[in-house]
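Can you build the whole structure from these sequences, using the hints too?
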Amino acid sequence: MLLQRFLIRLLTMAITLFGVAVVVFVVIRVAPGDPIAMMLPPGATDTDIARLRALYGLDKTIVEQFFIWLSGVVRGDFGTSISLRQDVLGLVFNRLPATLELAIVALLMALAIGGTTAILGARERGTAVEAGIDIASGAALSIPDFLWGLVLILLFGVLVPIFDISGRVSPQLDLPFVTQFYLFESIARLRFDLTKDLLGHMLMPAVALALPLAAIISQLLKQSLKEVLDLDYVVLARVKGFSETQVILREALKNAALPTLTLVGVQFTFLIGGTVIVERLFSYEGLGNMAIDAVINRDLPLIQGIVLVFALLFVLINLTVDMMYALLNPRLRHG
Amino acid sequence: MNASCLNIANLSAVLPNGARVLRSVSLSVQPGEVRALVGESGAGKTMIGKAVLGVLPPSVRIVEGDMLLEGEDLGRLQPKARRTLIGARTALIPQDPLTALNPSRRIGPQMTDRLVRILGWSGQGADARIRQLLDEVQIRDPDRVLKCYPHELSGGMRQRVLIAAAFAAEPRLIVADEPTTALDVTVQKQILRLIAQLQREHGTAILFVTHDLGVVAKISQKVSVLYAGKVVEEAETAALFAAPQHPYTRALMAATPRYTDPFASLKPVDDAVLAGLAAEIAAADQAWRRPHG
Ligand SMILES: Nc1ncnc2c1ncn2[C@@H]1O[C@H](COP(=O)(O)OP(=O)(O)OP(=O)(O)O)[C@@H](O)[C@H]1O
Ligand SMILES: [Mg+2]
Numbered sequence: 001m002l003l004q005r006f007l008i009r010l011l012t013m014a015i016t017l018f019g020v021a022v023v024v025f026v027v028i029r030v031a032p033g034d035p036i037a038m039m040l041p042p043g044a045t046d047t048d049i050a051r052l053r054a055l056y057g058l059d060k061t062i063v064e065q066f067f068i069w070l071s072g073v074v075r076g077d078f079g080t081s082i083s084l085r086q087d088v089l090g091l092v093f094n095r096l097p098a099t100l101e102l103a104i105v106a107l108l109m110a111l112a113i114g115g116t117t118a119i120l121g122a123r124e125r126g127t128a129v130e131a132g133i134d135i136a137s138g139a140a141l142s143i144p145d146f147l148w149g150l151v152l153i154l155l156f157g158v159l160v161p162i163f164d165i166s167g168r169v170s171p172q173l174d175l176p177f178v179t180q181f182y183l184f185e186s187i188a189r190l191r192f193d194l195t196k197d198l199l200g201h202m203l204m205p206a207v208a209l210a211l212p213l214a215a216i217i218s219q220l221l222k223q224s225l226k227e228v229l230d231l232d233y234v235v236l237a238r239v240k241g242f243s244e245t246q247v248i249l250r251e252a253l254k255n256a257a258l259p260t261l262t263l264v265g266v267q268f269t270f271l272i273g274g275t276v277i278v279e280r281l282f283s284y285e286g287l288g289n290m291a292i293d294a295v296i297n298r299d300l301p302l303i304q305g306i307v308l309v310f311a312l313l314f315v316l317i318n319l320t321v322d323m324m325y326a327l328l329n330p331r332l333r334h335g
Numbered sequence: 001m002n003a004s005c006l007n008i009a010n011l012s013a014v015l016p017n018g019a020r021v022l023r024s025v026s027l028s029v030q031p032g033e034v035r036a037l038v039g040e041s042g043a044g045k046t047m048i049g050k051a052v053l054g055v056l057p058p059s060v061r062i063v064e065g066d067m068l069l070e071g072e073d074l075g076r077l078q079p080k081a082r083r084t085l086i087g088a089r090t091a092l093i094p095q096d097p098l099t100a101l102n103p104s105r106r107i108g109p110q111m112t113d114r115l116v117r118i119l120g121w122s123g124q125g126a127d128a129r130i131r132q133l134l135d136e137v138q139i140r141d142p143d144r145v146l147k148c149y150p151h152e153l154s155g156g157m158r159q160r161v162l163i164a165a166a167f168a169a170e171p172r173l174i175v176a177d178e179p180t181t182a183l184d185v186t187v188q189k190q191i192l193r194l195i196a197q198l199q200r201e202h203g204t205a206i207l208f209v210t211h212d213l214g215v216v217a218k219i220s221q222k223v224s225v226l227y228a229g230k231v232v233e234e235a236e237t238a239a240l241f242a243a244p245q246h247p248y249t250r251a252l253m254a255a256t257p258r259y260t261d262p263f264a265s266l267k268p269v270d271d272a273v274l275a276g277l278a279a280e281i282a283a284a285d286q287a288w289r290r291p292h293g
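Which chain is which? The protein sequence lines are A and B, in order.
For the record, in the first sequence the residue sitting at position 68 is 68 according to full-length UniProt numbering, with numbers rising by one throughout.
For the record, in the second sequence the residue sitting at position 201 is 201 according to full-length UniProt numbering, with numbers rising by one throughout.
In short, the hints are calculated from the structure, not lab data.
The beta-carbon is built from N, C-alpha and C at its ideal position, and this holds for glycine as well.
Heads up, some of the hints might be wrong.
As the list claims (entries may be wrong) - Result set (BS3-like, lysine-lysine): computed pairs, CA atoms no more than 30 Å apart in a straight line:
{"no.": "1", "chain 1": "A", "residue 1": "K226", "chain 2": "B", "residue 2": "K189"}
{"no.": "2", "chain 1": "A", "residue 1": "K254", "chain 2": "A", "residue 2": "K226"}
{"no.": "3", "chain 1": "B", "residue 1": "K80", "chain 2": "A", "residue 2": "K226"}
As the list claims (entries may be wrong) - DEER-style ranges, computed between Cβ atoms:
{"no.": "4", "chain 1": "B", "residue 1": "P31", "chain 2": "A", "residue 2": "L2", "range": "15 to 25 Å"}
{"no.": "5", "chain 1": "B", "residue 1": "Q138", "chain 2": "A", "residue 2": "L141", "range": "46 to 56 Å"}
{"no.": "6", "chain 1": "A", "residue 1": "D134", "chain 2": "B", "residue 2": "G155", "range": "34 to 44 Å"}
{"no.": "7", "chain 1": "B", "residue 1": "A243", "chain 2": "A", "residue 2": "L328", "range": "51 to 61 Å"}
{"no.": "8", "chain 1": "B", "residue 1": "E152", "chain 2": "A", "residue 2": "K196", "range": "13 to 23 Å"}
As the list claims (entries may be wrong) - If you only want the chain A side, here are some residues facing chain B, beta carbon under 10 Å, derived:
{"no.": "9", "residue": "L150"}
{"no.": "10", "residue": "L231"}
{"no.": "11", "residue": "L236"}
{"no.": "12", "residue": "K240"}
{"no.": "13", "residue": "N329"}
Shown next as structure tokens:
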């Protein structure tokens with residue numbers, strides 16, 4: 001049953017990715033703006049332009065271009081960036097780890113904040129504590145991540161400048177890293193001085209990304225916890241002598257978390273989407289920041305590569321959530 | 001010193017709108033005795049059980065009365081002390097075995113957690129104890145059952161598991177809230193017999209909630225009849241069946257199904273009886289409101 005579920009998901013994934021590839025490919029070619037014109041100095045002759053178009057394969061029809069590109073992609077060749085004149089795949093893999101680290105730190109923050117407030121709110125249900133948590137999560141939710149970014153920049157970058165609000169790491173530092181996963185590698189190498197610097201840079205953008213998701217997790221998890229806390233097996237646990245906190249953690253949390261889990265998966269993909277603008281705001285050198293440059297420069301191969309990698313990330317996240325859901329739910333696991 | 005296992009005196013509870021759900025309830029359960037609590041749906045039987053076990057819904061507030069568990073005044077204890085006392089001396093056999101087990105935890109830890117985490121037994125000791133109890137409730141393959149998730153067991157099996165868990169810590173008092181209502185008719189009899197047998201062997205006092213006078217006759221020594229949160233009659237079980245005093249009790253008996261006549265249960269309670277009950281309740285509320293209003 002689990003295997004069948006997995007195979008169906010795999011097929012859907014392939015179809016989704018193909019669809020995304022087609023749409024992006026067509027849209028960025030139909031949209032106004034000519035990459036070649038942007039590369040050449042003003043006054044370039046028509047023959048210069050035609051030569052360059054032919055060089056990048058832009059003289060062929062969209063359908064021809066697509067299949068040339070696709071046959072490259074299946075061989076692992078995503079083409080060459082027009083603006084940076086480097087291999088697209090190399091560029092993407094160079095930047096992806098920075099974005100992944102940011103997104104994962106933001107997700108962990110959202111889970112920690114959302115989870116704690118949900119548990120606290122459920123334990124103190126009906127009191128002023130719960131009301132306070134509701135108000136806070138309502139506020140966090142009604143402001144989107146990039147506005148949180150601006151608020152944080154104004155607060156902690158300008159008004160009380162206590163945090164770094166620009167870049168990924170202090171430029172004067174010597175970096176011993178062999179991978180682009182700076183944060184994870186700094187921890188693995190026990191270079192906590194670097195970890196601290198990296199986290200310091202990451203904190204503000206991560207908080208901006210985390211707050212709306214934390215609010216959603218808090219509200220949804222608290223609601224399902226409160227529903228579960230009225231169920232018979234929870235009452236039975238109270239009769240056994242367990243405290244309300246123990247009851248929530250031992251009996252209620254796992255069952256209440258299942259509906260939240262699916263939503264977190266979807267919301268996490270939104271969070272990754274949010275990195276595009278938030279990275280820009282904080283000049284964080286990730287994939288999202290590079291995506292904006294690619295769009296500004298009409299760098300068609302780079303845009304295609306980045307979008308495809310983002311799409312792959314999204315379907316992988318959804319797949320993971322689906323599998324986790326099945327694993328956590330004994331009824332599904334045993335068929 | 002009063003030797004009652006459970007003594008409830010003048011217990012009243014209200015809803016947020018001020019309506020009383022329990023009307024000055026008094027009842028006691030002596031050590032080792034089965035006290036049946038009988039009444040129709042909505043009479044407040046479950047409320048009384050939950051009040052004793054300290055798990056009333058937050059909307060229900062106790063406004064008056066005392067509950068003594070083996071002489072300890074539950075109302076005077078700090079929440080934590082009360083919880084621990086209730087956990088150590090009481091147990092609950094719930095109405096619906098389908099919802100009373102956590103669907104995402106295996107049976108084993110659900111049965112041993114009170115012993116280990118509240119009462120401080122060793123894991124091995126608890127495991128041995130639980131196996132002994134599973135044997136007493138005639139579960140012959142404890143290894144399999146302990147590893148199961150609840151949905152892998154039938155309703156009757158789950159209720160056996162819950163009964164075994166309830167008796168495992170040798171509680172002084174068990175609240176059994178309609179423990180057979182949710183089961184198949186054939187299984188009902190087995191489960192009832194099982195509870196009666198374990199009760200006798202362990203000498204546990206039981207507050208046995210039911211709406212079925214047939215069950216009352218089989219299992220209990222004493223009985224309290226509840227109507228609209230008020231105890232309208234209390235007697236030794238044999239005496240009650242021999243000579244019911246209250247018109248409502250008589251009406252209930254007339255309405256109890258006989259095996260030969262399945263439609264007997266459809267006989268409604270007499271209008272005159274209901275009118276008398278309404279007047280009785282109104283008078284009780286008036287008397288109660290004077291000092292409390
Ligand atoms: N959570 C609650 N909040 C407010 N009122 C409630 C709540 N639960 C039950 N009641 C009310 O309290 C009264 C007593 O309910 P209770 O569940 O004790 O009845 P019962 O005798 O156990 O009936 P049944 O045989 O249906 O289980 C009913 O009038 C019911 O509507
Ligand atoms: Mg009930």
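Each hint, compared with the structure:
Our distance criterion of 30 Å between C-alpha atoms is broken by K226 (chain A) and K189 (chain B), whose separation comes to about 36 Å. A distance of roughly 13 Å separates the Cα atoms of K254 (chain A) and K226 (chain A); the hinted pair therefore holds under the 30 Å criterion. For the hint linking K80 (chain B) to K226 (chain A), the alpha-carbon distance of about 21 Å falls within 30 Å, and the restraint holds. Checked against the hint of 15 to 25 Å, the pair P31 (chain B) and L2 (chain A) fails, with Cβ atoms roughly 53 Å apart.
For Q138 (chain B) and L141 (chain A), the Cβ-Cβ distance of about 54 Å falls inside the hinted range of 46 to 56 Å, so the restraint holds. Between D134 (chain A) and G155 (chain B) the CB atoms are about 39 Å apart, so this pair conforms to the stated range of 34 to 44 Å. Roughly 58 Å separates the CB atoms of A243 (chain B) and L328 (chain A), a value that falls within the hinted 51 to 61 Å. Take E152 (chain B) and K196 (chain A): their Cβ atoms lie about 50 Å apart, and the range 13 to 23 Å is violated.
The beta carbon of L150 (chain A) comes no nearer than 42 Å to any beta carbon in chain B, farther than 10 Å, and the hint placing it at the interface is violated. For the restraint placing L231 (chain A) at the interface with chain B, the shortest Cβ-Cβ distance is roughly 6 Å, inside the 10 Å limit, so the hint holds. Hint status for L236 (chain A): holds, given a least beta-carbon distance of 5 Å to chain B, under 10 Å. Annotation: interface hint on K240 (chain A) holds; nearest CB of chain B at approximately 4 Å, less than 10 Å.
Contact between N329 (chain A) and chain B, as hinted, is supported at the beta carbon level, the nearest pair being about 7 Å apart and thus within 10 Å.
When each numbered hint is compared with the structure, violations occur for hints 1, 4, 8, 9.
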